[in-house]
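S.K.: The chain contents come next:
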Amino acid sequence: MFKESETKETRVKRWSALMIAVQKGDKAAYHQLLSEITPFLHIFLTRRLFNKSSIDDVVQEILLGLHKARHTYRPEQPFENWLFGIARYKTLDAMRQHYKKEKNEVSSETDETFSALLANKDNREAVQDIHNALDQLPTRQRKIITLAKIEGHSLAEVANIEGMTKSAVKVTIHRAYKKMAEWLVKNGYE
Amino acid sequence: MDTNDLISKLSDDLEPVRPTASVQKSSFYWIIASGILVLGSILLFATIRPDILKQLNTPAFIAENISILLAMALGIIAAFRLSVPQPKIDLHTKLLIITSTMIWAFKITHTFLQTEQLTFLHSETACLIDLALIATLPAGFVLFSLRRAATTHSFWTGYAGIMAATSLAALVMRYICPVDSAAHLFIWHFLPVIVLTSLGAFLARILLRW
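In the order they appear, the protein sequences are chains D and F.
The opening position of the first sequence corresponds to residue 1248 in the numbering used here, with each subsequent residue numbered one higher.
The opening position of the second sequence corresponds to residue 10 in the numbering used here, with each subsequent residue numbered one higher.
Everything labelled a hint here was simulated from the structure, so no lab data went into it.
For every residue, glycine included, the Cβ atom is placed at its ideal position computed from N, Cα and C.
Honestly, I wouldn't trust all of these hints.
What the hints assert, rightly or not - Each pair of labels, with its calculated beta carbon distance range:
| # | chain 1 | residue 1 | chain 2 | residue 2 | range |
| --- | --- | --- | --- | --- | --- |
| 1 | F | Arg218 | D | His1378 | 42 to 48 Å |
| 2 | D | Ser1282 | F | Ala30 | 28 to 34 Å |
| 3 | F | Thr145 | D | Met1342 | 31 to 37 Å |
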């Protein structure tokens, strides 16, 4: 088991021996190895991922990657190098996918929430707060939100008016919502 | 799924695996297998140039053979070194890739400087097609081998592997094509090696993902 007093060299050698046993099918060694490396993977990712809520997901991706690539471990290679090679690879993958998702999608939940608030003419205070939040936005973001969500233009129409692509309009709306949400939270909304 | 549950599941489902062969073994097997594949194709579909015995007594031809073989060997060793996960490409591997690239850069520059007139005769495009066809089997074989591993640097792994395959093809072409003019070698034999290698590297970014 992992001992706090153990030196790094001893620990890495031990992991290397466990990994060799894993390649032979030793299930207990595998359970021990994965349990011991997981906290180190958490530390590795905490320093690299902005989105802390996705750390557990990426840790699991790394463990799955290790499982898939377990036949590629060579004893002459330091175990840490091999492990963090996989960790780096999967982390970059996760960051790429996150960026792609952010670029292409606006959270539909956020969209519904803001659309409902903007459309709710009965609650004047809420509508006023939304408009105040809108006023905090940079000019372009404010204009795009106004065109898309208040005046009711489609994404294609907004893109045409502003001379942008549809994807760029989506990303701008997403960022504008984020800023508005931050402002609202700061001013007492949940 | 909770991480602890995943760990339990992976442990319960564990089966023994055969570790990947060492770099030396993998490189050796690839060279032998690709050599046999290519030789078989040549014997079936092509003819050796009639002046080959004369060429083999020429120091320049021998030197060319050795340099191309060296580029091939360095490329395939680099590819298999890169085929396993690692956080960054180590210096040794970088030197292998740089050296094999420099060999081809030197050959291309050398033949270009010797070229008196660049011509693009349609009749000579056959060499480009032959080179690409000959490279297909070793390139396919190396990509297949690398896909079974788990590279974390797919671009450079593909670059090194395809460099080895196209080098082998370029070497074989020197035994088939009797044209020795610098212009011909520059345009239809040597330049395609770098072009095909670069294309292969971009393709490898997709094919070697895991």
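S.K.: Taking the hints in turn, state whether each one holds.
M.R.: Results for each hint:
no., hint, verdict
1, Arg218(F) to His1378(D): 42 to 48 Å, "holds (47 Å)"
2, Ser1282(D) to Ala30(F): 28 to 34 Å, "holds (30 Å)"
3, Thr145(F) to Met1342(D): 31 to 37 Å, "holds (35 Å)"
In terms of the numbered hints stated before, the structure departs from none.
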